Each structure stands twice: as structure tokens, then as C-alpha cells.
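S.K.: If you read the sequences in order, they're chains W and Y.
Using my numbering, the letters of the first sequence map in sequence onto residues -3 to 384.
Using my numbering, the letters of the second sequence map in sequence onto residues -3 to 384.
The set of hints was computed from the structure by calculation and includes no laboratory data.
Hints should not be assumed to be uniformly reliable.
Note: identical chains are not told apart, hence a pair may lie in one copy or across any two.
Pairs of lysine-lysine, DSSO-like flavour, derived with a Cα cap of 27 angstroms [said to hold, decoys possible]:
1) Lys300 x Lys52
2) Lys230 x Lys300
3) Lys121 x Lys20
4) Lys7 x Lys52
All of these numbers come straight from a predicted model, not from anything done at the bench.
Number of protein chains: 2
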Amino acid sequence: MNGFYFHNPTKVYFGEGVVSKLGKELEAYGKNILMTYGGGSIKKNGIYDKVTDILKGAGKNVFELPGVMPNPRTEKVYEGIKICKEQAIDFILAIGGGSVIDCSKLIAAGARTDRDFWESFLIKKEKASDAVPLGSILTLAGTGSEMDCLAVITKWDAQIKTSWGSPLVQPKFAFLDPTYTYSLPKNQMVNGAVDTLSHLFEQYFSRPDTNNVSDDLAEALMKNVIQNLPLAVKNPEDYNARSNLMWDSTLALNTLVGLGKEQDWITHKIEHSLSAFYDVAHGAGLAVVHPNYMLYTYKGGLSKYVQYAKNVWGISSEGKTEDETALAGIRATRDFFKSVGAPSTLQELGIPESSIDAISENVQRYKTSYSDLTVADVKEILRLCLQS
Amino acid sequence: MNGFYFHNPTKVYFGEGVVSKLGKELEAYGKNILMTYGGGSIKKNGIYDKVTDILKGAGKNVFELPGVMPNPRTEKVYEGIKICKEQAIDFILAIGGGSVIDCSKLIAAGARTDRDFWESFLIKKEKASDAVPLGSILTLAGTGSEMDCLAVITKWDAQIKTSWGSPLVQPKFAFLDPTYTYSLPKNQMVNGAVDTLSHLFEQYFSRPDTNNVSDDLAEALMKNVIQNLPLAVKNPEDYNARSNLMWDSTLALNTLVGLGKEQDWITHKIEHSLSAFYDVAHGAGLAVVHPNYMLYTYKGGLSKYVQYAKNVWGISSEGKTEDETALAGIRATRDFFKSVGAPSTLQELGIPESSIDAISENVQRYKTSYSDLTVADVKEILRLCLQS
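Hey, can you work out the whole structure from these sequences and the hints?
M.R.: In C-alpha cells, the structure reads:
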């Protein structure tokens, strides 16, 4: 195994009803809480009322930043920073999925500097020097943002969707109640699980490939998602399936399965470019791009794709060439995505063929662990995404 | 999945040469360092010199507690507490395997109380209220003590070997350099890997058994140990194999694979009773007891033993009854232990048949997740341990 550094101090409260421990957990922080959330579904499903009751019962002053959009944008970060500075916010409580948490992380760091967060952190790549502490209550499993120090942000006018990270914005805690994901529309649940699988793929399909614990754990998580997602599609209130999917998604991106691995995150880079132009749901974009990326590049990591087909999908290599086994694994991935209702073409995402050149040229990085891509390669991958 | 709380803030530095980062890591702590270690092998393999150079270079005052024995005893804890109190120790640096780290954890908590550590923590089950911070440099993989808050201690005159834990003694950091395990005698390496497997078994063979991430991760780790231990037996300097075994052992007991699981730790309880009488190496005792415990009790968790046989050992259930499949998995476990040179009988441990009654009556707990044991059951299990 390659060397690594691992440190993940986020506290995880997992299970039905765990939010009852929120008040106690917040005792360690000041009075002024900024509650960030999305489009308001938490007001319909009762989570908003429950959490505000707890916060008020704990004697906190609650401020709110509603309306954090999927693929959160810089404007929302500025809005949050303004509240933090004006109201001397002591703690940010993000309620939602990865978009709300990611946006909150940038607010947290942006609120404790006089510099412009975009210019300083994203353009000049300066380090954050302080951050408002934050924690989350997860309502959508997939991004893993609840237990990592990363954030993805979109600057819409510049058509840039990019990522950033700092240990200072590692969430202090994450409340993971699987029942909080029950009311999620089916496509959002599926997108989240595709995102989980995609995170695992990004770490797994990279060097070194010599037998290593990280890859073995990644395979175990992949199989668990593949086992449980169809159960949750069939019955969204299957507590055990939703539990597994929720914990899978956290473990897929809390850095555990990437330890000692190169990881290239190239499919995410391509998807980010799609989203920067067409604002597609991240998981939906990945469902389209990832199998086609695999199809176009698998020869560069052939033996790993063979291992994947055998270990994750149980495909026998008997009587098959290595190429045939690898391709069977990729086909199984694509078929699985289709079977759970994920999109498989750019058309389904509403992205026209004519945009392929611009999207390909806008990708933030082309370097991969197996063999680097060119802009022309990305164009070819996206053309494959036109075929169902 | 059952609910759980997870928090593991230990920093892990993994890979060849990582100890170079020790000085920087210790900047956060005071000047007076107590270095604890075992029988002196670190003086032969150069680790002692390297670490003391780093500590002196970092301007630390170094105090020493050498001679921490395997199955560490209360006397050694008192010795360490005395040094901590007299020298106003700011940080304990444990260099060794689980025995040294466990002993250091009890010293750490015992040094910050006026109460007698044994009476207060182990007998009255009072909580520790403070502890000297500690960290470790691992030289023997197996116990997982480097990334958990538990310690096992023996009071020899009372023939009690028992465990204790507090989040206050969770190590601040662990330096894991696989090359530091190269010079270990083969039997100690094997014992460590058996201990790792046994930790995984204790968590895996417990309810709930419904499909869950924790069990899937446990299976992945078991398979990784089974793949890598024979490689390390063949070539102790196989860096990749030693890396995997080292990281497996940490992950097997950093609470990850036990999340949402009942866990009964019954085999450890039986082994602790063996060690309390005969001071056998923990891993060697487990190698003898665990397969026979499985053999005696498997019917209580039959479907799980079938799953184990199939998923971990690749045993086909075709044409077999459930019992036959389960037994094939248990036999594979026993054969594996033998193949790597681990003992399989009490005789090999130097434990006479005549001691079985006393050992069985001295077990600290008989409750298991599947079906509780009686003293008579433990006697039967230990009688099975007489047969090769």
C-alpha cells in the first residue's frame, strides 16, 4: 500500500430519532446558529419544526438561510457570509444534502476572512485560516459531504463548477437518520446512490492496483449499494435498505477507501462541466458519463476492470478474454443504472449534441491515474453518451 | 442497520518513514514525554535511537518506562503513574504493540486522579475524569489499540485479565510504519493477524445479521488478512503484505466494523481467562479457542456461518446442507490457522487438561449474541481444544 494520512474527527449519530441528541451536542457552541437549508421540503416533512424546537429549547438564537439550490452558486455563499458577519454567527447547522452542506462549508470559511472567498480560495488557491464551526442533519444520502472537508461550488456566470477543501470546514457532527430520506423523490434517491457508486469508482479505478485494503473495502461498499438500491426503489420506506445506502454514501467519501490510492476524479470533472452549462443533477450527470467513461478508457486499467467485473458483479471470466470480462462488468454497471431509473443519455439530461465541444473544452482537468485524456477524448466519451 | 454513534479522532500516519513527522506532531504538547516500551527490541532494530533523536531535536525531556510485558500487569501501570506524577509528564509516547499501548492508556488516566486506578476504574467502574494525552508508534500489528479507546489489563495475583475504556485515552495519533514490523518473530506476527481475525469474528458473528455495511466491511477485511498473512509468512519483508496486515488490524478494532452490531466478545473473554492463569500470548490463545468456540456454537447463528463460509472462504453450498457448509467454513478457519503455524491445542500452549475447570469458572462473562453459554459449555469448548 502507498503511504497516507488519515484523520476524520466528525462525530456521527446514526439511526431513527438521533436528532434528539442535537441540543446536547450544540452545548459546546455559542448562541447564534445559522440554519441553512434548501427548497423547503424540510417544512413539509416536519424536520424544520422539530429542529427549530430543539434549537429554541437549547436557548439558541436561530437565523436562517433558506433556498440553497442544487449545484449551489457563489451568490448563495455571499448571502450566507453576510448573515454570519452581521449576526456574529457561532455555528452553522446545515440541513439537507450535499449542496446545502457544501454551500455551508464555503460560508463557514468565507465568514472568517476579509478576503473575497471566490478570489482567495478558488482562484488564488489561498488557504482558509479560520472557519465558523458547522454540523449537519442529512436528508439526502450521496455526496458524503457530511463527513469530509470538501465542497463543490458553481460560479454560474463563468460556467465553472469546481471543488475546494479545508480541514477547518470538516463538520463537527453529522446526524444521519435514515427516515429523514423517506420523503425524497425517487430520482433524487437514485441520483444519490449513483453518486455514491461514482465516488467509489473514482478511488477504486486508480493506481496502485496491487492487493490493498482500500480497494477491498470499496468493493464491499459497491456491492452493498447494488444490493440495497433496488430494495429502496421498490419500497422507499425499507428502513434497512435506506440505512445501508445512507452509511454507504458517508463511507464512500470520508477518505477511508481512497487511502493509499492515486484517485483521479476525472468523471466528476467531466460531470462538473456538464452541470456548469446545464445545471443537471450531479448524480444524473454521473449516471450518464461514468459507464461511457469506463467504456472508452477501460483498456488503460484492464486488469482492474476484470477484477471489478468478477468481484463486484460476480461475472465469471471462464471462456472469456480479459476484454470480454471487463466489458461485461461495464455493461452490468450501465444496465444497473438503467434498471433503477437513472438516465443513460445526454438527451435525457436535455443536453444537445451541439454542446459537446464547449463542455469538453471546459473540463477542469484531463489527467487520470491510468492514461491521460485529451479534449478530443472527452468529446468521444460525450458522443458515446448520445447512445442509449 | 441498528443505530450507532461513531467518533474516532485519532490521526493516522501510515507508510515507510512516517516517523519523520513525529516532531511536528508533538509540537502541540508540553516538554515532558514518557516513552513506554517493551522488552527492548526497539533498541536492537534502531527505532529507539531514531525516536529519541527526534524527541531531543524537538526539545523534549524524555523519561522512560521500559519492560512493559505482554499481557501487561497492574504493577507496571502503577510504575508509570508514579513517573507521570513525579515528573509532571505532558505526553505519553507508547512504542510497541497493544500491550504497551494498553498499559499506557491506564497510566494516562491513572496519572490524573488521586484514586487507585484498579479500584476506581476496574472494580467500581467509575469513569476517568482526565488523562495525560498519548500517542503511539506501532511495532506489532494486531490489537488495534492504536486507534481505539480500550485497554486490557491483568491483575496477576487475582487471576483477572479484563478490559477497560474511556474516550479520554483515545490516542491522539498513531504512526504506522510497516517496516517497523519486519524484525518481529514469525509467531508474534501470526498471533497479531489471528487477533485481527478474531476481532472481526467477534463483531461479525453477532446480531443483527440482516444485510448491513458493517458485516460487508468485516468480510472484506477478513479476506484481506487471509490473502496477505501467508505472503508475510513466506517473506516477512513483503512490504505490501505487511502494509495490508497493519492497516487491517487497525480497522478491525477502530469500531468501524462493529457499528450497529451487538458484538459479544465471548471468545476474548474465554481467552482472557486462559491468559490470567497461564500468561499465554493473546493471539495464540485465540487461535486455539476461536475455531472450537465456532464448532461448539455455530448452530445458534447457522445462516451467518453459512454466509461466512461462502463469502469469506468461497465455499460452494451446492449439494451441501447448511450445517455442512457452515462446518466447512469453520474447518477452513482452523486449517488456515494451522497453515500459518498458529497453535491449535491447549497442549501447545502448555495448558493442562486439569486446569479446564478453573479456567472455565473464571470467565468474566458468558452472554453471547446468539445463545448464552454456561460454565459447562465453556468446559466443553476447552475440551474440544485438546484435540488437534
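S.K.: Now tell me, hint by hint, if it's right for this structure.
M.R.: The hints, checked one at a time:
1. For a Cα distance limit of 27 angstroms, the shortest separation of lysine 300 from lysine 52 qualifies neither inside one copy, at 53 angstroms, nor across copies, at 46 angstroms.
2. Proximity of lysine 230 and lysine 300 under a CA criterion of 27 angstroms is satisfied inter-copy only: 26 angstroms between copies versus 32 angstroms inside one chain copy.
3. Taking identical chains as interchangeable, the C-alpha atoms of lysine 121 and lysine 20 lie at most 27 angstroms apart only when they sit on different chains, with a minimum of 24 angstroms there against 36 angstroms within one chain.
4. With identical chains, the CA atoms of lysine 7 and lysine 52 are at most 27 angstroms apart within one copy only, with a shortest distance of 22 angstroms there and 35 angstroms across copies.
Going down the numbered hints, you'll see the structure goes against just number 1.
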